[in-house]
Structures are given as structure tokens and as C-alpha cells.
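Order-wise, the sequence lines are chains C and L. Residue numbers for the first sequence follow the working numbering, so the first one is 1 and each next one is one higher. Residue numbers for the second sequence follow the working numbering, so the first one is 1 and each next one is one higher.
Keep in mind the hints are simulated off the structure, nothing from the lab. Positions of the beta carbon are idealized from the N, C-alpha and C atoms, including for glycine. Don't take each hint at face value.
Unchecked claim - Footprint (simulated), chain L over chain C, 3 or more residues, beta carbon under 8 angstroms:
#1 76-83
#2 307-317
#3 322-333
Stated by the list, open to error - Here are the simulated distance ranges between beta carbons:
#4 R193/C / N275/L: 50 to 58 angstroms
#5 R271/C / Q47/L: 22 to 30 angstroms
#6 T249/L / G177/C: 45 to 53 angstroms
#7 A301/L / E86/C: 20 to 28 angstroms
2 protein chains.
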Amino acid sequence: MSVFEVQLTDSSSAGRQGVLTTAHGKVETPAFMAVGTAGAVKGITPQQLKETGAEIILANTYHLLLRPGVEVVESLGGLHKFMAWEGPILTDSGGYQVFSLSRLAKIDNDGVEFASHIDGARIRLDAETATEIQNRLGADIIMCFDQCTAFGVDKAQLKIAVERTLGWAGRCKRAHGNSNQLLFGIVQGGTDRDLRGYCAGELVKLDFDGYALGGLGVGEGHEKMIEAVGHTTELLPEDKPRYLMGVGTPADIVAAVRAGVDMFDCVLPTRNGRNAFAFTEGGAVRLRNSAHRGAAEPIEAGCDCYCCRHFSRGTIRHFFNSGEMLGPILLSVHNLTFYQRLMARIRQRLKANEFSDWAREQLRNVY
Amino acid sequence: MSVFEVQLTDSSSAGRQGVLTTAHGKVETPAFMAVGTAGAVKGITPQQLKETGAEIILANTYHLLLRPGVEVVESLGGLHKFMAWEGPILTDSGGYQVFSLSRLAKIDNDGVEFASHIDGARIRLDAETATEIQNRLGADIIMCFDQCTAFGVDKAQLKIAVERTLGWAGRCKRAHGNSNQLLFGIVQGGTDRDLRGYCAGELVKLDFDGYALGGLGVGEGHEKMIEAVGHTTELLPEDKPRYLMGVGTPADIVAAVRAGVDMFDCVLPTRNGRNAFAFTEGGAVRLRNSAHRGAAEPIEAGCDCYCCRHFSRGTIRHFFNSGEMLGPILLSVHNLTFYQRLMARIRQRLKANEFSDWAREQLRNVY
Chain C
1 MSVFEVQLTD SSSAGRQGVL TTAHGKVETP AFMAVGTAGA VKGITPQQLK
51 ETGAEIILAN TYHLLLRPGV EVVESLGGLH KFMAWEGPIL TDSGGYQVFS
101 LSRLAKIDND GVEFASHIDG ARIRLDAETA TEIQNRLGAD IIMCFDQCTA
151 FGVDKAQLKI AVERTLGWAG RCKRAHGNSN QLLFGIVQGG TDRDLRGYCA
201 GELVKLDFDG YALGGLGVGE GHEKMIEAVG HTTELLPEDK PRYLMGVGTP
251 ADIVAAVRAG VDMFDCVLPT RNGRNAFAFT EGGAVRLRNS AHRGAAEPIE
301 AGCDCYCCRH FSRGTIRHFF NSGEMLGPIL LSVHNLTFYQ RLMARIRQRL
351 KANEFSDWAR EQLRNVY
Chain L
1 MSVFEVQLTD SSSAGRQGVL TTAHGKVETP AFMAVGTAGA VKGITPQQLK
51 ETGAEIILAN TYHLLLRPGV EVVESLGGLH KFMAWEGPIL TDSGGYQVFS
101 LSRLAKIDND GVEFASHIDG ARIRLDAETA TEIQNRLGAD IIMCFDQCTA
151 FGVDKAQLKI AVERTLGWAG RCKRAHGNSN QLLFGIVQGG TDRDLRGYCA
201 GELVKLDFDG YALGGLGVGE GHEKMIEAVG HTTELLPEDK PRYLMGVGTP
251 ADIVAAVRAG VDMFDCVLPT RNGRNAFAFT EGGAVRLRNS AHRGAAEPIE
301 AGCDCYCCRH FSRGTIRHFF NSGEMLGPIL LSVHNLTFYQ RLMARIRQRL
351 KANEFSDWAR EQLRNVY
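Make a model of the complete structure from these sequences and hints.
Okay, here's the thing in C-alpha cells:
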């Protein structure tokens, strides 16, 4: 049986609706993964997370490696038990964080050496260790170790990163030692059409369980990103899931589904939730705004999340003004529910073969 | 029908087990009230709070008056709706916070004038306004405005505070304008037996729905506090609930129940929870301790709270070390569950007429 089944392909876009099967259950795609960086989706319990409609979550190898350490997670029964999440989990490889968070000491074709952003400890990561660590953490989907580039680096640097990413991808595949885990390759190449195409083609030859698009949503802007996504997904096999890493806003997601993406992760719902910013169908609601003083309406009328069923905008504004933890908690619950509802709507529209019109409407009117 | 029914009086102590009836439901006593200072029990949702076994919660008039203001709570449908708590709520009168948190500008027999600890705004509170504010907030039980004294003030000062508290109690009773709310008087007098006795006797003449013991747990120590509690409860009517304000540790609660107290509130379970301190039957567990690194056992074996059913000490320690909100959230859930379980055990032992022996054992062995 294939781990990924495309159930429906949109007749007038690259969008598709499918089901991904993992060792800890199935995931309906297009899917959004809440980010549980260090083993917790910030501010909410796994039970609350499940109530948002989440089927799969993400955790960061880099963060877990630094703290508490892979041996601690392992001794506590692996990542599912550690996080108290029984459903599917995906771990990234640590590549992105090595390049964005740590002080990089050395990088060559073999791997990277960096100083922990927590305590400065010198740590080495390469294709084999990043894979072994993810094998030991025990997520359902693991990622190849890749070199992520910042937006705007020149083509020569992009090319070096792509070649390294490809070399490391082959080594990750050989090192991968747990057949219960799916291994995804990561396409790099910035917004350079040739390099991304080359990277995608070479990765496909290695035959991964799925393909991620990395190095996007890093400053290139919505249009350029969606263009790069569209070029890339055309080159990827139809029967494998495609995951756009770290993206994005509701508009990014709708447009990227239209360009053929199946999976997403992003910190926006929780990070914005902690900053009093609520996503709604009608647009952003900023809860610190004095307009919400004493407002009896919920964040979003008709929303069935715990926050909207029980609390008024006025109370939530008060919680933020008073520094009550319940403000960030409730808005994180709402925003994650909003994102899951968006994904459910996308899947419904795909199933009803109404996606393209709906997506065009959404992108024009709302976002 | 009486609002308070003593169902059982312990044969060898002043302990009693009863039921308090309020406009929003019944409360089994002895009862512990979680503290929802500014309209939220810090870190947990009302749903999680209910799952701890809580039947009644407390909110602080002083905090709500300063922010968001009584008119905001009122416009949002009153305190129950504001907090999303359908069960009984008690509000204090603000007296304690005026004396402990604010910069006091003026105090005389008429009332107090103080500067808000938030923005310095000059605010006046007296018996009538404190009562009217509580009438408008809409809790099920409201408290008389009282003058709370610090531990160690001389008898002359204590006497002035007692006389003011008595004068204000009469005015509160006359001002009280909502028959759905029970009004409790507050006995002051520090640890001075004569003054406390005098204050209790005079309050009883005014005939309140219940009586609180204020100004205790402020530095006098466990023994002196319990002594003062015992002297006071002897002077209070059998058929009215007795509430020891702001107390305390598990040992304080067990000893105070033995001395005839029916109701408690305290920030310890949530405040300690936020500081990685867990209450267990076996004593304190400090989750930052390196002994818990990688520990697979729950905080407390056999505890049925969400935290203990799903998370290991090792994971919770990691959450605290990483600054994850889930650490404080989970420990607050556990500690509040521990307190509610303690109260349930106290009630069970009282019903089984085994309370005195059990309490002696508890106070000797555990705390």
C-alpha cells in the first residue's frame, strides 16, 4: 500500500486532496501542522490541540537535541510519549535552525559545526547524525539534513547549498535506519528556477517518501514564493506528498495548495496568538485595540473553538492587558482552530471540485 | 431553607462537613477556592479548572475594579459570564489588597483613598462602594469591606482596625442590595484573643450569611494562626459557614478544618505551580531539580489529573527549563487537583468519623 493516496486532483489547478498514512495514523491533506518546537505547542495541552482539529504536529530536532537531549527523549519512551501526542509527528532535520539560530562555526561538504544558542556548546551535525537523531526521537516523518540559504544570496552560493543538500540527501537515505519512519527529501535552490529544478530532479532520482520545499518564505515575498512552488511541484512525482516548510499566512497556504502543496507548518497561529492577534475570516482582529473594550461578541462569530464558545473579545482584551496567561492560551486555541478550519474548507472545496473559484475569491477578497 | 447545612460534626474536634447553597449551585464543605484574581485562575481554562474538582472560585474586587473596571464586567453580563465560570463565585471586598498592594493615601472611619498599583489613579473605597461594586460584579458570595492589619501591629492599632471593620460591616449590611448574593462578615483582631472575640461577637449580632476570619496567615506562624482560628470559631454560630481567608498550606488547611473552618482560598497551588513546585502526598517535588532529568514517573503516582495521566517528571522538567508555558500550566492543574483531592479526603474522613485520627497522622507524618 502506498503511504500517500491522492484522492482527487483539481481540474483547474495543481491542487489535490489526499490521505497520508503514517505509523501513528492517517492525515488528510492538504494538512497544517502546528509547531511544537521543543516538545510542546506553545501554551496549549495536547488535548486542547486535538480539539482544534490537528491531526499531525511538528517538533524541532535542533531544539530537542540541545535540550533536553536525544537520550532524555529516548529514555522517556520517544517523542510521542514525551510530548503526550499519540498522532503523527514530523521532525525537521535541524538544518534550518543551525543556519538561522546558532552561531555557525564551520560548514563544509561533510557537515556543520555550530555553537548552541542556549549555552554555546560546540555541536556537530551531518547527514548521518541528523538522521540517527531523528531515528532515535521516533517521529513518523523525518527530514533530510539540508543547507538552507538566506534570501538574496548569489547563484554561486545557492549552487553550493544545493549540491551539499543533494549530497547530504543521499547520505541521509543510506543512513536511515527505521522503516516505521517516512523520510522526506528537501528541495533547495532559493527562487532560482534552474537550481530548484535541478535539485528537485536529483532528489526524485533518490526516491524519497515525500518532498519538501525548503528555503522559501524567507523574504522573497508571496508572488515569488508561489512561483517557485509552482515550478517545483511540476517536477515532483504525483504520488508523493509535498511539504512547504515554515509557510505561512492563510493566503500563502491557499495559493500554495493551488500550486500543488499538501503539507504546511508555521508558527504564525501560536506566535500571533501570544501577541493578541487573532485570525478570522473577516481578517485580523487585534485584541489590544481599545475598540474591543467591553465587546461582548466572540473573536469570530460561529467559530466552535473553546475560546469563541466561552469568552468575549472584551474579556480576552482584559486578559492581555492584565498579563493573564489565559489571553495567549485562548488566542492560540482560536488561531489553531482557524487554521484547521481553513484546511478543512480547502479539502471540502477540492472534493467538491470548487477549489479554484473559491481560492481565487479568497485571495482577492479576504487576505 | 438555610443556605448552609452542617451534615456532620466531628465527635473529637471542631471539624464539620456540610453543604453551602448559592445562586449558582451547591458547594460541599470543607471547600477550597482557587483564586481567579483578575477574572482568570492563572494559566488554566475554566474547563481545566472544573476537571480539578473545583466547585467554587474566588475573584478579587480590587483587581477587577482597577482593570477592566466594574462597568466593563457588568456590560459583559457579570462576573460568571466574564470569567466563563458557571458555578459559584466569591468576591473579596478589596480591603486586603488596598492595604497590601496599593499606596494608601488616606484612611479614616469613613473609608480609604488609595493610588492604584497599576497606574497611580486615585480611588476611593468605603463600605457602601465596596458593596455596590460587588453587587454589580454579581458573585454568589460577597464580603464586607474591612481593615486588614499587618502582623505585629500594636493593640491600639488593632483595636482601631476592629472598630472600623465593625462599623463598616454594619454599613455593608445596610448597603447590600442583591438578595441573590450571600454577604459574609470578616472577623479581624490579629492574634489578640480579646479583640478577635469582641469582633466576632459584634459581627454575630449583625447576623451575616457567613463569617470570615481575616488578617491571619500574615506572618504569625501556623501555631498562633490555628490558635486564633480555634478561639474565633467557638464564638461563631454553628449554622453559618466559616471562611479562613488566604490560607494556606495543606497542613494549615487540615489544622484549620479541625479548628472548625469550612472554606479556604489560597494562591499557593497556582503560584507554586508556576514556580516548578508540585504538591504531592509524599511532600514537595521541585521539578527543576536535576534528579528529575529523564524521570519517567508522573509527578504523583495514582493522581488522575491530566498532567499525571500524560506527562513524566522528565518532560515537565524540560518544559520548565525551556520556558515552555506548558510547565506552569500542567503543574497548576496538578496542584489544584491535589488541593481538591485533599478537601475530598477531609470530607470523606469527616463523614466516616475518622477525621481527628487522620488529621493528627497527616500533620505529624506528611507536612
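Quiz item: Measuring from beta carbon to beta carbon, are T249/L and G177/C in 45 to 53 angstroms?
Solution: 52 angstroms, holds
Self-check item: Outcome, coverage of the region 322-333 of chain C by chain L - at least 3 residues whose beta-carbon is closer than 8 angstroms to one in that chain
Solution: It holds, with 7 qualifying residues against the three required.
Quiz item: How does the Cβ-Cβ distance of A301/L and E86/C compare with 20 to 28 angstroms: does it lie in that range?
Solution: Taking Cβ atoms as reference, A301/L and E86/C lie about 22 angstroms apart, which means the hint holds.
Exercise. Can you let me know if the beta-carbon spacing of R193/C and N275/L is within 50 to 58 angstroms?
Key: Distance hint for R193/C, N275/L holds at roughly 54 angstroms.
Practice problem: Starting from the range 22 to 30 angstroms, see whether the pair R271/C and Q47/L falls in it by beta-carbon distance. | Solution: 24 angstroms, holds
Self-check item: Assertion that chain L covers the region 76-83 of chain C - criterion: three or more residues, beta-carbon distance below 8 angstroms
Solution: holds (count 5)
Practice problem: Would you check chain L against the region 307-317 of chain C, counting CB to CB pairs closer than 8 angstroms, and say if three or more residues qualify? | Solution: Our answer is that it holds, as 6 residues pass the Cβ test (under 8 angstroms) against chain L, meeting three.
Violated hints are absent here; each numbered hint is respected by the structure.
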